[in-house]
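Asker: Residue numbers (my numbering), protein chains in the order written: chain A, 518 to 870; chain B, 26 to 270.
One or more hints might be untrue.
Said to hold, decoys possible - Taking lysine-lysine pairs in the DSBU-like style, the calculated list, with each CA pair at most 35 Å apart, reads:
#1 A/K778 to A/K740
#2 B/K68 to A/K701
#3 A/K809 to A/K864
#4 B/K68 to A/K744
#5 B/K227 to A/K719
#6 B/K267 to A/K708
#7 A/K716 to B/K32
#8 A/K719 to B/K267
#9 A/K719 to B/K68
#10 A/K719 to B/K217
#11 A/K708 to B/K39
#12 A/K778 to A/K716
#13 A/K520 to A/K702
#14 B/K214 to B/K28
#15 B/K214 to A/K716
#16 B/K217 to B/K32
#17 B/K68 to A/K702
#18 A/K841 to A/K749
#19 B/K68 to A/K562
#20 A/K841 to A/K857
#21 A/K676 to A/K701
#22 A/K719 to B/K213
#23 B/K214 to B/K267
To be verified - Partial list, derived from the structure: chain A residues whose beta carbon lies under 7 Å from chain B:
#24 E571
#25 T712
#26 F728
#27 M783
Source of the hints: derived by calculation from the structure; they are not laboratory data. Virtual Cβ for every residue (Gly too), placed ideally from N, Cα, C.
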Amino acid sequence: MAKVLMKGNEAIAEAAIQAGCRYFFGYPITPQNEIPAYMAKMLPKVGGCFLQAESEISAINMVYGAAGAGARVMTSSSSPGISLKQEGISYIVGAELPCLIVNIVRGGPGLGGIQPAQSDYFQAVKGGGHGDYHMVVLAPSSIQEMVDLVTDGFDIADKYRNPVMILGDGMLGQMMEPVEFREKKTILPEKPWATTGNKEGKPRNIINSLFIDPQGLEDHVLKLYKKYDEMKENEVRVECYNCEDAEIIIAAYGTMARIAKNVIQMAEEQGIKIGLIRPITLWPFPVDTFKKWADSHHVKAFLSLEMSMGQMVEDIRLSVDGAKPVHFYGRTGGMVPTPKAILEEIKKIREGI
Amino acid sequence: MAKVFEKPKALTDKPFHYCPGCTHGIVHCLVAEAIDELGIREKTVGVAPVGCAVFAYDYFNCDMHEAAHGRAPAVATGIKRVLPDNVVFTYQGDGDLASIGAAEIVHAANRGERLTTIFINNAIYGMTGGQMAPTSLVGQVTTTSPYGRSADTEGHPIRVSEMLATLEGVAYIERVSVHDIKNINRAKKAIKKAFEIQLEGKGFALVEVLSTCPTNWGMTPIEALRWLETNMIPYYPLGVKKEVE
């Protein structure tokens, strides 16, 4: 298929439609408005349904209903809106339903701002809503990767009957790049558990997350955690760039990983060897990759680069487990670190080694 | 011997957990009878609330979806948009529908979603132990209005049916009661009609059922029925609030 020039948000929407998503429930919020607008225009043309809900809370609960009825369904929002969706996400996980949730992150806390940020990392990977749970969190760093991960995200959600989140940021949502859509025939799985009506001879289907007996609830959560173990085993995705003989390894995802690659080139020109570990799944986190490079004698330190006050850095420290120092550099509130400032930070780290 | 009563097929064999004298059991039975009479059990999907009827998915013998508190109309919207040929109903109490889920019910009704909502108004929160509901009467003593509900500080009770009847998307709204046989029979007709409206694709349909909560009202079942009749009906007049031909 030929490449087309597309804005990140629109590419997400088109990729979802091509992946067989026919139901979208959302609520306006900047900087993700192109996703619902694209869905509103295109879904009716393919026999689908776009509905602007009265709030993010209602939108995610419509997703909950549609997913229970067996549909391939999604919603998108940005940080404050994702906070409102947390109740529904927790129910969707508890009831073991698949869906795709896109967060085009903006600065917080509170109303925050509308510029790109990565300050929702904790919310995305540590739970976000109430209860013991996880979801696969995918972090694209190009428009092409957004397209690919949307397709894979739906399949992962179906495979485990668990929601999947795409964690983008305002920069990725708004920028334009050439993309190619995979020519892939979407095969939607059978969903015998869906609430489509209790026909004679069929078991009665109940979508539910209530387990009033504590032993029943513990058993249910243990069942969920078995799925999380399988996700850790099968779904970790990570890119290692220039790590062979690097003395400092940058860890960055999304927009920050793109900037990191510029920094690596600038450093190379000055004779400094820098590598990059780019987690593509923020959950499950590529723990083993960090462990492996932490054990390499040429790696002296790690540097987590984030558009936040330092959130992913905690997972890196847990992964590296004291084997090497883990530094942090970030800007927040919609400020994007410049390659020059990052290179200065790297030089400071080298002086300390 | 002639058979005068039969348990509806749309109810399971699970014994209700409701308190003695609670009218949820009557209303469950009426909903199930309506589903049976219309022959729609196999294509009905029910949405259960949070509140005393939280276990409704154990009682209604059809596919069921348990919603978060107040969100049943949004969940039902999602189901109905995916399965327009199925019958989807929500069963919600007054805290669920008129308080935390006020936005969801207003907008589902306004969109004219082809849904049937059974709204149980017993003027109190039952499951959490008798707190003030948006429908508690002025002067009514609850655990969170221990000196009686004051219109000055807690506002007046909300007349949900009258409020929703102002919306264009609504096809049918009626308020009924289940405090005596005559009214139970009327309630049955209204509930059946609310399902027929959905089958005809006319729009949103809701039946508000004035109900009792002897446990949290601190009354015997008989006293509770009389209290409903003397106190609730004057404030919440029975009858059809809107019907689109």
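Asker: Each of the hints needs a verdict: does it hold here or not?
Answerer: Status of the hints after comparison with the structure:
no.	hint	result
1	A/K778 to A/K740	40 Å, violated
2	B/K68 to A/K701	34 Å, holds
3	A/K809 to A/K864	24 Å, holds
4	B/K68 to A/K744	32 Å, holds
5	B/K227 to A/K719	30 Å, holds
6	B/K267 to A/K708	39 Å, violated
7	A/K716 to B/K32	19 Å, holds
8	A/K719 to B/K267	38 Å, violated
9	A/K719 to B/K68	12 Å, holds
10	A/K719 to B/K217	26 Å, holds
11	A/K708 to B/K39	27 Å, holds
12	A/K778 to A/K716	57 Å, violated
13	A/K520 to A/K702	18 Å, holds
14	B/K214 to B/K28	21 Å, holds
15	B/K214 to A/K716	26 Å, holds
16	B/K217 to B/K32	17 Å, holds
17	B/K68 to A/K702	31 Å, holds
18	A/K841 to A/K749	24 Å, holds
19	B/K68 to A/K562	27 Å, holds
20	A/K841 to A/K857	24 Å, holds
21	A/K676 to A/K701	18 Å, holds
22	A/K719 to B/K213	29 Å, holds
23	B/K214 to B/K267	15 Å, holds
24	E571	4 Å, holds
25	T712	4 Å, holds
26	F728	11 Å, violated
27	M783	49 Å, violated
In the structure shown, a violation is registered for the earlier hints numbered 1, 6, 8, 12, 26, 27, in ascending order.
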